[in-house]
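Chains as they are written, first to last, in the working numbering: chain A, 1 to 396; chain B, 1 to 396; chain C, 1 to 396; chain D, 1 to 396.
These are computed hints drawn from the structure, not numbers from a lab.
All C-beta atoms in this analysis are idealised placements derived from N, C-alpha and C, irrespective of residue type, glycine included.
Warning: the hint list may mix true and false statements.
[What the hints assert, rightly or not] Examples of chain B residues toward chain C, derived with CB under 7 angstroms:
hint, residue
1, 60
2, 133
3, 137
4, 140
5, 222
6, 317
7, 321
8, 325
9, 353
There are 4 protein chains.
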Amino acid sequence: MYARHCCCIQRCMAVDALNALSIVTYEIDKKRKTNYRNFTNYLEYFQKNDIAATCAMTDVKGDRSLRPSEQADPDLYLRVVEKTEDGIVVRGAKCHTTAAVPSNEIIVMPTRGSREQDEDYAVAFTVPVDVKGLKFVARSTVPQEKREIDAPFRSRWGVTEAVTIFDDVFVPWNRVLMCGEWEFAGQAAELFAVYHRHSYCGCKPGVSDVLMGIAALLAEYNNIEDASHIRGKLTDMACTAEEIYACGIAGSVRGKSMGPGTCAPDMTLVNVGKYVAGTHIYDEIGRVHDIAGGFAITCPSEKDYFNPELKPYLEKYLKGRADVPTEDRLRAFKLAEDLTAHGFAGWLMVASCHGGGSPEAQRITIYRGYDYEKRKNIAKCLAGIKTFDEFPEFEE
Amino acid sequence: MYARHCCCIQRCMAVDALNALSIVTYEIDKKRKTNYRNFTNYLEYFQKNDIAATCAMTDVKGDRSLRPSEQADPDLYLRVVEKTEDGIVVRGAKCHTTAAVPSNEIIVMPTRGSREQDEDYAVAFTVPVDVKGLKFVARSTVPQEKREIDAPFRSRWGVTEAVTIFDDVFVPWNRVLMCGEWEFAGQAAELFAVYHRHSYCGCKPGVSDVLMGIAALLAEYNNIEDASHIRGKLTDMACTAEEIYACGIAGSVRGKSMGPGTCAPDMTLVNVGKYVAGTHIYDEIGRVHDIAGGFAITCPSEKDYFNPELKPYLEKYLKGRADVPTEDRLRAFKLAEDLTAHGFAGWLMVASCHGGGSPEAQRITIYRGYDYEKRKNIAKCLAGIKTFDEFPEFEE
Amino acid sequence: MYARHCCCIQRCMAVDALNALSIVTYEIDKKRKTNYRNFTNYLEYFQKNDIAATCAMTDVKGDRSLRPSEQADPDLYLRVVEKTEDGIVVRGAKCHTTAAVPSNEIIVMPTRGSREQDEDYAVAFTVPVDVKGLKFVARSTVPQEKREIDAPFRSRWGVTEAVTIFDDVFVPWNRVLMCGEWEFAGQAAELFAVYHRHSYCGCKPGVSDVLMGIAALLAEYNNIEDASHIRGKLTDMACTAEEIYACGIAGSVRGKSMGPGTCAPDMTLVNVGKYVAGTHIYDEIGRVHDIAGGFAITCPSEKDYFNPELKPYLEKYLKGRADVPTEDRLRAFKLAEDLTAHGFAGWLMVASCHGGGSPEAQRITIYRGYDYEKRKNIAKCLAGIKTFDEFPEFEE
Amino acid sequence: MYARHCCCIQRCMAVDALNALSIVTYEIDKKRKTNYRNFTNYLEYFQKNDIAATCAMTDVKGDRSLRPSEQADPDLYLRVVEKTEDGIVVRGAKCHTTAAVPSNEIIVMPTRGSREQDEDYAVAFTVPVDVKGLKFVARSTVPQEKREIDAPFRSRWGVTEAVTIFDDVFVPWNRVLMCGEWEFAGQAAELFAVYHRHSYCGCKPGVSDVLMGIAALLAEYNNIEDASHIRGKLTDMACTAEEIYACGIAGSVRGKSMGPGTCAPDMTLVNVGKYVAGTHIYDEIGRVHDIAGGFAITCPSEKDYFNPELKPYLEKYLKGRADVPTEDRLRAFKLAEDLTAHGFAGWLMVASCHGGGSPEAQRITIYRGYDYEKRKNIAKCLAGIKTFDEFPEFEE
C-alpha cells in the first residue's frame, strides 16, 4: 500500500514485463515456429521462488535522432554480439533501472520497434543480478536517516536508480525470450508500456492520496479549511486522482483477452490515465505548496526545535490553532517539505512524468491508436458528403 | 445514437428521475410508513405504455440567496398550495425544461434540500402534459430548414426549451411521489443529479466524436493532417472524450445497489466525469476553430455557391486539395460553422456546462463526498503524529 | 470605442498594412533602387481624403502543403499575370476580408514569404472597391433587426466578410507598392502581423470588458456576487484582459524605430499578447455561461414576454432579486445570449482565434524570434561547460 | 543579474519596504500631524551607508481565522508592549525572513490591515540585526559544496530563511515609522505588496531564463531540438516569461506618483504579473523535466563518473550526440537536477508561489481593485437597461 510507506516495492515492473512477454512469445512461436515456451518455464520458476525482479528496458540511446544500427557506437542500444550453441552474449546498457540493486533478477526488454537491419537489437531475456559481466552504476536518491521530526518517512537508502551495464553477459538459451524477431520488438515495447501505464493508473492515485492528505491536514492545522479557495484546491486534487483511477478501471473493463489468454487493458484509456498522471503531478505539488504556505521551506529544523534554549520560543511562535500541539504542526510542515520541496519531490515529479514513458509517448500512442476515420465518417454523413447507409457500423 | 442525429431524444431525463425516485420513495416508505408504491405502479404504466417523459426539476428560484419560504413571492419554488382527499394542488414554475413540449408526461422533482419550514416545497409527482393549469412558455433554439449545403443537420423545429408553469395544477394522490417529506428532498435532488451526470459521461463523448470528426475531416481537406500541432489538438480532443467516458464506466463499476435494488453509480466518479465534460466543451470547440481556420465564419453561403454567375469563381477559389471536390470542402466548413459558430454551438456549450447542474455544483458534491479525513490520517501517520496501528483500515 | 458599439469599424486593418508597407517599401527602394515613394504619395492621399480601407491579405491557398507556384491552379495565390507600361494585371482571390464591402479602398498584401520562383506572387498594391474586375462574394454574419429586448445590440447588416476576387484587375504603377521583390514578401507579411497583433492587444481587452460586464451584471441580478467561485471567475476574466493589455503596452515600450522612422512594436511581446487573446476567448465565454446559468439559452423571447396573456406569468416567475425589475433581468440574459450563445459568439470566437493569424502562427513567430542561444549560454556557464567571462553580454 | 548567480542578493525586500513607507509615513503625517520624517532621515542614513537590509513582514499568525487581538496568545502578531519617553518595546515573531542573517538591518512592517482594537499591532520600525532581544532561528536551505560536476551552482551556505523573534526589543523613537496608526496598517501592507510583486515581474523572468536555458541545452544535447513538441514546450516557457515581464513594464508605465512623489506601479497589472509567476513555476519545472528525460533523477554521480574503473563505461554509455563531450552532457543533466529536482527546486517553487504573497492574495487584490461597476454599466447600456448618455465616461 503506497500510503503506508510513501513508496513502493516496484514489483509492477516485472509483472508488467511478464504480461507483455507472455503475449509476444506466444505470437512469435506461432509465426516463427520458435519455442519460447521458455517463457512459461520461467514464469513457473518466478512464481515458485517468489522472485523479486525489475525490468530493464530503456536503452541509453546515444543520439536520439538515429536508429540503433545507425549510431556511431553500435552498443548504444543493447544487442546480441555472439550466438553459441549454449546461449547468447549481449552488450549494451539500460538506464533508469529503478530498484535494480535489491532485485533477484533482471528482465530485459527491447526499448522500441526495430527494422530488419536492427535484428541484433531485438532481444529479450532474464538474468540473475549476479551474472558475470553485469554491472550497476547505481545512485541512491535522497537517502536520509529518519529523525525524530525531520525527514519523517525517509530511509537511509533512498530510492535506487541504476545504469545497468551488460559487459558481454552470457545468457543461456533457456533464459532467452526473443532473439532476432525484429518485427515483434515494437509489440513487446508497446505491450509493456500498456501494462505499465495501467499500473500507474492504480498507483498514482495513491501518491495523490498522500499529497491530498498533507494538504488537508495543514489546512486544518492552519484553520483555513473553510476558505472556499482551499476547498477548491482540495477538490482539484480529488478530481485529478479520480480521473486517473477512472482510466485504470475503465482500462480493465475494456481490456481484451490476447492470444495466450493474457488480458491486456485498453490501450487508449490507460495512456490517457498515465498522461493525466504525468502532467498533473506539478499542479498537485503546487496545490500542496499553496495550501501549506511558506513554512514548507522556512520551517526551523528539529535540531532547533529540540534545543532547550530555543524550544520555548518555537513552542510559542509556531503555535497554530489552540487545539493543535505545536509539535504536530511542525511535523506536518516537515512532511510537506519532504514530500514536495525536497529531492524526494524531484524524484516524484520526474518519475511521474517519465515513468512508463514520457507524456509525448502517451500522446503519440493515443493519436495512433484512435479511430479518427470513424469520426470523420460521422462528420461526412452529417455534412451530406456521405450517407449513414454507407456505414454499417452506424446502424441504429 | 448521438452521432447519427447530432442531437438526442432526451429520454435520459425521465429515466434518471425514475431511478432516483425508486430509491427515495422506498426510503420514505420505510421511515414514514407512507405508501409510495404509487411509484412502482407508475413505473409499470410508464414501461407498458412506452411513455416519453421529461423531468422538470430546476425551480425559477427568484433571489438565489434566499431559501424557498423566505422569498418575497412564495411561489418562486414550486409548492403544494392545497391538499384534498383526492389529491394535491401545486403552484410554481420550473425552468430549463428541455423537450417538454414533445413529451407525453412530466415528472416533477424537488430542486434542492429542504428544511422543515420548507415542507410544502418537498414535492414530487407526475402529470400528463395536457393537464389543466399546466402551461409551457417554450422556445425553439435555432430552428432552421436544412438546405442543400447550409445548416446541414438542422431541423425546422430546433431544440425546445420551456419555462413550465404550474398554475394551480391538481395532481391525484396516485401520481404523488413525495409530499412534505422535507428531509428526503435533498436526497431526491442529489440522486437525480448522480444519475443524470452519469448519463452525461455516456452522451458527451458522443458530442466529442462529432467535434473530433469535423476537425479531423477539415484537417484532411486542408491537407494539414500531418502538422504536429494539428495531431496534438486532435489528441487533446481524444483525451477529453476518453476521460469523460472512463469516469462513466468506472462510475458503473463502482456503483452500489441501493435499498430497493436500484443500482446507483459512484457519486464522485460521475461528478468528475460531468465536470470534465462541462468545463472542456469550450476547449473542444476552440480546437475545431483552430483546425478549421477562418472559413468557419467567412465561408460563402450556398445561395452564392449555387448562383450560376458566381459558381465558377467559387469552384476555382474554394478548392483545397486536388482530390477533394470543392463542394465537399464547402459542406465540411458549413458543418463546422453550424456545430461550433452558430446558435447551436451556444446551446451545446451552455447545455454541456449547466445540464445536470453547473460545474460548481459538481465541485461541491465532489468535495463534500470525498473522504479527506482518511487521507489526513495517512499524512498524520507518515508525519509521526499518529501510527498506522491506530487505523485498522490501513492494515496491509 | 469597442464597448459602446460592441463592434468596431475595423480601420486597424488599413493602418497596420500601411505601417508595414512604409517600412518594406523603404527597404526595397534602398536595396533594389526602385521608386516605391508611391507609398508616401498614397499615404498623403489616404490621409487627406480620410479613406476607409481594409487590407486583403490571406490568399485562398488551395492545398496548404504546396507553395504558390506548385499549386495545381496557379491562381490560388494572387499573382501578377501581366505587366504593361501603365501598370500590372493581377488575378487571384483573398479570403476573410472583413469589412471589405463598406470600404472605399482595398490594400493588398502578400500572404507569406516567397522564393525566387514565386516572384509573381510577391505583389502589394491598392485599389478602389469599384475597380473593374474586382468582385466580392460577401456574407453578412448574423444580421438581425434589433428589437425591443431580443438582439439588443444587433444591426440588420451584421458583420460582413468577403471572398475578394481579382478577376484580372488592372492596377496603375502609381498604386503598385511591391512587384516581384520576392525576398521582401516575408517581411511584409510579418510586419503586418506584428502591427495587427499589437492592435489586438488593445482591442481584445475591450471585448473582455463587455464579457466581464455582462457576467458581473448577471451575478448581481442573480444575487450571487458574493459567492467566492463567482468572484474567482470574474478575477480570471480580469487577469486575461490585463495580460493582453500588458503585452500591448510593453510591446509599445520595447518597440523600435525602423528604417523610415516608423516605430514597430516588439515582435515577441505582441505575439504573446495576441496568443493569449486568441486562446483565452473560449474560457471567457465559458465563464459568462457559468455565471449566467441556463437562462442564457432557455430564456423566453420578447414576443412571449410582451404577450398580454403570458406577461403576468413571466413577470412573476422570471423575477430575481426583489429590487431588480424582471424586464431588466430579461434584458441582461438576452445580452448574454446574443454575445455568447448566438452566431455572433461564433464570429467573436473565430475572429479572436484566427484574426491576425492563428495561435500556431503566433507560436512559430515567438519560437523563431526568441533568443534561446543566449539562454543556453547561461545554462552552459552555470553547469561549468563555459564561463561567464566568455560572454561579454553577461557582464554585470 | 539572476542568471549569473542563479540566485540574488534579495535587496528588493528593503527597497520595496522603503518605497511603501515613504508614502505611508507621508500620509500619516498629513492626517495625524505626526512627525514621521524619521523616514527621510533613515533613508538618508540607509543610502549614505549602503545598508543591506531585509524586510520582516509576515507575522507567525497563530490561528488564521482570528484577528491579532483575538488570538489566545496576544504575541502571535508582533506588537508594542511598552511605550517610553525614549522609544517603544516590541514583542512577537516574524517568519519567512529571507536573507535576514547576512543583513545589516531589519525593516519591520505590519502584516495586514488593523481595526482600532488592534492598534498595538500597527507598528513599523527599523533595527540593526545585533539589537538586544532580537533572535533569528535560521535555517539554510540545501547548502551543498559545489563540486566538480555535481551541485554546479551551489554554495555551502544555501539560502537562509529565518523565524525572527523580537523578545522585547527596544526601538528608539527615531527608528519608529508607524506606531498605533491602525487605519494605515492596511495601506502599508498593500503598498509593500504592490512594490514587491512588481519586483517579481522583473526577477521571475530571470529564473525563467535559466530554466529555458537548461531545457534548450538538453534538447540540443539529446538532438531533439527539431521535434515539434519540444519547440512547443520551449515556446510555452517563453510565453510565461514574457507575460510576467510585460506586466512589469506595463505596471511601470501605468504607475502613478503618490503623495510624497514616490511612484507606485499599477496595482492590478503587477498583481496579475506576480500571479502568473507564482502559478506557472510548476509548469516551467515540468517542461524542463519533460525535455530533460529521466536522467534528471537517474544520472550517475560525479564520484562514479571520475572513478577510473567506471569512467570508460560511463564515457561510452552516457554519450549523446557525437559532437557533444559526455562530460558536458553529464554537467547539463546535473544542472537540471539541481535546479528542478532537488531541494533547491522546492525552495524555488515555494518562493515563487508565496513570495510577495500567495496566489490567493493576488487574486483578492485584483478582484477588489478592479472596476467591475464600469463594466456592468457598459453591459447595462448594451442591454438597453441604461443609455450611454447617462455615463459621461463613455463619451466617444
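Numbers of unmet hints, in rising order: 2, 4 and 8
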